[in-house]
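J.: Let the hints inform the model, and build the full structure from the sequences given.
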Amino acid sequence: MNQFTLQSRQRTFLIGFMLLGLLCMVITYLTDDALHTRFWTNYLHNTVFFLGIGFISLFILAAFTTSWAGWYVGMKRVWESFSLFLIPGLVLMVPIILGLWGHFHHLYHWADKAEVAKDVILTGKSGFLNPVWYTFGTLILVGAWIFFALKIRQLSVLEDTQGKGVADDFSIHRWIRFWSAVFLPIAGFSSAALIWQWLMSVDSHWYSTMFAWYTGASWFVSAMALTILLLVYLKGQGYFVHITTNHFHDLGKFLFAFSVFWTYLWFSQFMLIWYANIGEETIYFHERMTNYPALFYGNLILNFVLPFLVLMRNDSKRKTGIMVTGAVITFLGHWLDFFLMVKPGARHTAMEALASHGGHGEGAASHALSVAAGFSYPGLLELGTMLGFLAFFLYFVMTRLEKASLLPYNDPYLQETTHHAVWPYAEHE
Amino acid sequence: MSAAVSAIREPLITGGKTYHDITEDICAPTERTPSRAWIIAFIFAVSALAFYAFCVTWTVWVGIGSWNLNRTINWGWDITNFVWWVGIGHAGTLISAILLLFRQRWRTGVNRAAEAMTIFAVMCAGQFPLIHMGRLWLGFFIFPYPNTRGPLWVNFNSPLLWDVFAISTYFTVSLLFWYTGLVPDFATVRDRAKGWRKKMYNFLSLGWTGSAKHWQRFESLSLVLAGLATPLVLSVHTIVSFDFATSVIPGWHTTIFPPYFVAGAIFSGFAMVQTLMVLTRKVLNLQDYITLEHIDYMNKIILVTGTIVGVAYLTELFIAWYSGYVYEQFAFYNRVMGPYFWAYIGMMSCNVLSPQLFWSRKLRRNIWLTFLMSIFVNIGMWFERFVIIVSTLARDYLPSSWSYYSASWVEVGLFIGTLGLFFTFYLLFTRVAPVVAVAEVKSILKLAGDQYAGKEHTGKHPESADAHSHGGH
Numbered sequence: 027m028n029q030f031t032l033q034s035r036q037r038t039f040l041i042g043f044m045l046l047g048l049l050c051m052v053i054t055y056l057t058d059d060a061l062h063t064r065f066w067t068n069y070l071h072n073t074v075f076f077l078g079i080g081f082i083s084l085f086i087l088a089a090f091t092t093s094w095a096g097w098y099v100g101m102k103r104v105w106e107s108f109s110l111f112l113i114p115g116l117v118l119m120v121p122i123i124l125g126l127w128g129h130f131h132h133l134y135h136w137a138d139k140a141e142v143a144k145d146v147i148l149t150g151k152s153g154f155l156n157p158v159w160y161t162f163g164t165l166i167l168v169g170a171w172i173f174f175a176l177k178i179r180q181l182s183v184l185e186d187t188q189g190k191g192v193a194d195d196f197s198i199h200r201w202i203r204f205w206s207a208v209f210l211p212i213a214g215f216s217s218a219a220l221i222w223q224w225l226m227s228v229d230s231h232w233y234s235t236m237f238a239w240y241t242g243a244s245w246f247v248s249a250m251a252l253t254i255l256l257l258v259y260l261k262g263q264g265y266f267v268h269i270t271t272n273h274f275h276d277l278g279k280f281l282f283a284f285s286v287f288w289t290y291l292w293f294s295q296f297m298l299i300w301y302a303n304i305g306e307e308t309i310y311f312h313e314r315m316t317n318y319p320a321l322f323y324g325n326l327i328l329n330f331v332l333p334f335l336v337l338m339r340n341d342s343k344r345k346t347g348i349m350v351t352g353a354v355i356t357f358l359g360h361w362l363d364f365f366l367m368v369k370p371g372a373r374h375t376a377m378e379a380l381a382s383h384g385g386h387g388e389g390a391a392s393h394a395l396s397v398a399a400g401f402s403y404p405g406l407l408e409l410g411t412m413l414g415f416l417a418f419f420l421y422f423v424m425t426r427l428e429k430a431s432l433l434p435y436n437d438p439y440l441q442e443t444t445h446h447a448v449w450p451y452a453e454h455e
Numbered sequence: 129m130s131a132a133v134s135a136i137r138e139p140l141i142t143g144g145k146t147y148h149d150i151t152e153d154i155c156a157p158t159e160r161t162p163s164r165a166w167i168i169a170f171i172f173a174v175s176a177l178a179f180y181a182f183c184v185t186w187t188v189w190v191g192i193g194s195w196n197l198n199r200t201i202n203w204g205w206d207i208t209n210f211v212w213w214v215g216i217g218h219a220g221t222l223i224s225a226i227l228l229l230f231r232q233r234w235r236t237g238v239n240r241a242a243e244a245m246t247i248f249a250v251m252c253a254g255q256f257p258l259i260h261m262g263r264l265w266l267g268f269f270i271f272p273y274p275n276t277r278g279p280l281w282v283n284f285n286s287p288l289l290w291d292v293f294a295i296s297t298y299f300t301v302s303l304l305f306w307y308t309g310l311v312p313d314f315a316t317v318r319d320r321a322k323g324w325r326k327k328m329y330n331f332l333s334l335g336w337t338g339s340a341k342h343w344q345r346f347e348s349l350s351l352v353l354a355g356l357a358t359p360l361v362l363s364v365h366t367i368v369s370f371d372f373a374t375s376v377i378p379g380w381h382t383t384i385f386p387p388y389f390v391a392g393a394i395f396s397g398f399a400m401v402q403t404l405m406v407l408t409r410k411v412l413n414l415q416d417y418i419t420l421e422h423i424d425y426m427n428k429i430i431l432v433t434g435t436i437v438g439v440a441y442l443t444e445l446f447i448a449w450y451s452g453y454v455y456e457q458f459a460f461y462n463r464v465m466g467p468y469f470w471a472y473i474g475m476m477s478c479n480v481l482s483p484q485l486f487w488s489r490k491l492r493r494n495i496w497l498t499f500l501m502s503i504f505v506n507i508g509m510w511f512e513r514f515v516i517i518v519s520t521l522a523r524d525y526l527p528s529s530w531s532y533y534s535a536s537w538v539e540v541g542l543f544i545g546t547l548g549l550f551f552t553f554y555l556l557f558t559r560v561a562p563v564v565a566v567a568e569v570k571s572i573l574k575l576a577g578d579q580y581a582g583k584e585h586t587g588k589h590p591e592s593a594d595a596h597s598h599g600g601h
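Sequence lines, in order, name chains A and B.
Position in the first sequence counted from 1, then plus 26, gives you our numbering.
Position in the second sequence counted from 1, then plus 128, gives you our numbering.
Because the hints were derived from the structure by calculation, they are not lab data.
What you are looking at is a predicted structure, and each value in this text was computed from that prediction instead of being measured.
Check before you lean on any hint, since a few could be wrong.
Said to hold, decoys possible - To give an idea of the chain B side of the interface with chain A (calculated C-beta under 8 Å), a few residues:
id: 1; residue: 132
id: 2; residue: 133
id: 3; residue: 134
id: 4; residue: 374
id: 5; residue: 381
id: 6; residue: 439
id: 7; residue: 451
Unchecked claim - Straight-line Cα separation of at most 30 Å, DSSO-like style, residue types lysine-lysine; simulated pairs:
id: 8; chain 1: A; residue 1: 279; chain 2: B; residue 2: 428
id: 9; chain 1: B; residue 1: 570; chain 2: B; residue 2: 490
id: 10; chain 1: B; residue 1: 490; chain 2: A; residue 2: 190
id: 11; chain 1: A; residue 1: 261; chain 2: A; residue 2: 345
id: 12; chain 1: B; residue 1: 490; chain 2: B; residue 2: 410
id: 13; chain 1: B; residue 1: 570; chain 2: A; residue 2: 279
id: 14; chain 1: A; residue 1: 279; chain 2: B; residue 2: 341
id: 15; chain 1: B; residue 1: 428; chain 2: A; residue 2: 190
id: 16; chain 1: B; residue 1: 428; chain 2: B; residue 2: 410
id: 17; chain 1: A; residue 1: 261; chain 2: A; residue 2: 279
id: 18; chain 1: A; residue 1: 177; chain 2: A; residue 2: 190
id: 19; chain 1: B; residue 1: 341; chain 2: B; residue 2: 327
id: 20; chain 1: B; residue 1: 490; chain 2: B; residue 2: 145
id: 21; chain 1: A; residue 1: 177; chain 2: B; residue 2: 428
id: 22; chain 1: B; residue 1: 326; chain 2: B; residue 2: 341
id: 23; chain 1: B; residue 1: 570; chain 2: B; residue 2: 145
id: 24; chain 1: B; residue 1: 410; chain 2: B; residue 2: 145
id: 25; chain 1: B; residue 1: 326; chain 2: B; residue 2: 570
id: 26; chain 1: B; residue 1: 490; chain 2: A; residue 2: 177
id: 27; chain 1: A; residue 1: 345; chain 2: B; residue 2: 341
id: 28; chain 1: A; residue 1: 279; chain 2: A; residue 2: 177
id: 29; chain 1: B; residue 1: 570; chain 2: B; residue 2: 341
id: 30; chain 1: B; residue 1: 428; chain 2: B; residue 2: 326
id: 31; chain 1: A; residue 1: 177; chain 2: A; residue 2: 429
For glycine and all other residues, C-beta sits at the position ideal for the given N, C-alpha and C.
T.: Given below as structure tokens:
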């Protein structure tokens, strides 16, 4: 079966979860503090997480195409569909952008003009941290990514019907490679700018040159994990017969390798800041280690220790059960990593704002924070919200999968992908 | 490995070679008397090596005072050269380990020479910290072992000590990896040799007979060594970057340093591989094994890593402004606009701007431009380290101690001298060992049949016509 059709049962199931997510968001909003901090942080967290998976999938596709990889083309429709999620992702960013202008959320300390005026550091950054940059940066740069996602997808689908192979020297594929190559440096430069805006500026005083690459690595692992899970499911449904254990083995290698790479970046960032012990920098980790210890150490266990041990062996990457376990752990682990990027800073901002607006009057940073669901750990509402976003993501992806053949018939590497074998294993092992 | 190979791929061995042709072509340079070009190059290299010995002696005799370092700028050419050479020593193990894990078949054409280069480059790098100690004969103090020196003991908190471990481990594993690969090829040379050469290669090939059991163990060992070497490729330059980044000096202390140093190291390593390959393939007549395709691939890696380094440069500049930290802002202002602005310009133009030429396939496959660019990148990466080290130190927290530094003849001599050391070893290597991995090249001929054996079986060097059209040769 090379033609995917979304069955009504699956549709109902996914819509059910989307409604659950929506319900959770409504409940969060209604039971929230005056600034709706929990609601807005959840919204930002999930939007950026899933939007990023779309972005990094396009990046993966472009990087593999540019490097003449052949093994993956049997699953390239999955990444094409992931990358198209950039479109709904951009739409999801709109409420956050509007909130910056309308001040109906308090995610970013720098968005508060009165605060900026009395803060030398924020005044210094205001040339970059301001609603205009945020708005146009997001719209233009994500818009550019969408352009590349659509271009590559369109050519890829065109190749199915119009591709002539050796006869015209794979001209459509060469165009895909052209657009992929052009996208790579653009992605490299622009993603950093947006990651600083969306995520790093939540802790608006803090800075780290590593942050953008670190976040990108986190997206990468999440995208790999989600790819594995989706492919296992669809294979179970009888699709993707051409994807074999060998392909999963290679996906597993990527999941393993990039989990280690993520850890490398995590360690480099943490160790250098810890070693130099400069207050402006250590505050970020100090806050997380004192007030969010479970998340802070759990992050390392879920995203390094477990995948490292589970996926280390060669044969573990060839067993569906183990691979699914590894993928679930890392997917949730990186979702929590983003949780930990967003929550502490935004919570701090909100507490200060509530205190200065004569609200609850708690001293913001002076003493240890209380344990609170939705901040110190993800509560059921966060879980429900995530499932809602995930269902939306998958619904969108599956409707894209329906639009084209699962096997790209005229791809130059078709034979390589359908006969893929990982040394020393055989092709159909 | 999959047996199917897409028709879109270009051949990796040209000239319609047979197994026997491969043995003949690659072993030949070790069997004939050296060419005139080789002899002239060797005389130059050995002269530079002799000058190196002289400069080291001078440094030891006169003292470190013969260098132009001063109280403010206490690291100069020495550590710049150290980092430069370590960086160059990255491509070989990247090609042999990481590209092996990624099953990149084109690695077979260049891995041998690149690994050799890696080992020689790391040896050159190791010279500088030792010479910088001044008392060369106390070099063994860097090792932590039970001794009678009382409190004079290594500092485990110092990244400089971590360097000792990282680089010696890297050197050991790279050497083992290289030698393992050489064993079957030494056996091939042995089987063709007579007299004392046969004895020598017999000793070097460790009794290799080519039995199935030997090959099976060889493959397993290669994979294990690749697994060990892969983290080492990253760790070495990561720890070199820690030498700077663990400090609290603005311009040195920045979290992006580890991956950015690694990317820069791969960048400079490939540049040096290109410099050597362009010459080696011509002099030893190996254009069918180190093809334009190989050069094209390596130029792509240079383009990618050069652009990654570019992202890092701009990230540093931007975050320095963004930090709102005046010292950080000044450090980067000084880097771009300060007394060493020329080094910054050199770095940016050689590392980020000029590699962008390689977007053009035509230029990637132009031998002369490739050679020129590889020299540019080598210069640019030297400038990068000079910018980081010297321009930062020259303007410290205390303006009254600000200073300017230019190297003395001894420091320049030491640098040129290590080039002599490097090329002496490399030239000897081309005489003694097969410069291309014979067994590995044969393995891709067998696996991919016509695809990699070359589409056209006519003409000795299909690309030489191509090069002519670009005005080459």
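J.: It remains to establish, for every hint, whether it holds in the given structure.
T.: Hint check results:
1. 132: Since the shortest Cβ distance to chain A is 4 Å, the answer is holds.
2. 133: 7 Å, holds
3. 134: The hint holds - residue 134/B has a Cβ within 8 Å of chain A, the shortest such distance being about 5 Å.
4. 374: 4 Å, holds
5. 381: Since the shortest Cβ distance to chain A is 5 Å, the answer is holds.
6. 439: 5 Å, holds
7. 451: 5 Å, holds
8. 279/A - 428/B: Cα-Cα ~24 Å, so holds.
9. 570/B - 490/B: Holds, because 29 Å separates the two Cα atoms, which is no more than 30 Å.
10. 490/B - 190/A: This hinted pair holds, its Cα atoms lying about 25 Å apart.
11. 261/A - 345/A: 14 Å, holds
12. 490/B - 410/B: Measuring from Cα to Cα gives roughly 20 Å; hence the hint holds.
13. 570/B - 279/A: Status holds; Cα separation ~27 Å.
14. 279/A - 341/B: 28 Å, holds
15. 428/B - 190/A: 27 Å, holds
16. 428/B - 410/B: 21 Å, holds
17. 261/A - 279/A: Holds, at roughly 19 Å.
18. 177/A - 190/A: The given pair, whose Cα atoms are some 19 Å apart, holds under the 30 Å limit.
19. 341/B - 327/B: 24 Å, holds
20. 490/B - 145/B: 26 Å, holds
21. 177/A - 428/B: Between residue 177/A and residue 428/B the Cα gap is close to 23 Å, so the pair holds against 30 Å.
22. 326/B - 341/B: Roughly 24 Å separates the two Cα atoms, so the pair holds.
23. 570/B - 145/B: Cα-Cα ~10 Å, so holds.
24. 410/B - 145/B: Cα-Cα ~18 Å, so holds.
25. 326/B - 570/B: 23 Å, holds
26. 490/B - 177/A: 25 Å, holds
27. 345/A - 341/B: 29 Å, holds
28. 279/A - 177/A: Status holds; Cα separation ~29 Å.
29. 570/B - 341/B: At roughly 19 Å apart (the allowed maximum being 30 Å), residue 341/B and residue 570/B satisfy the hint.
30. 428/B - 326/B: 41 Å, violated
31. 177/A - 429/A: Holds. Residue 177/A to residue 429/A sits at ~15 Å (cutoff 30 Å).
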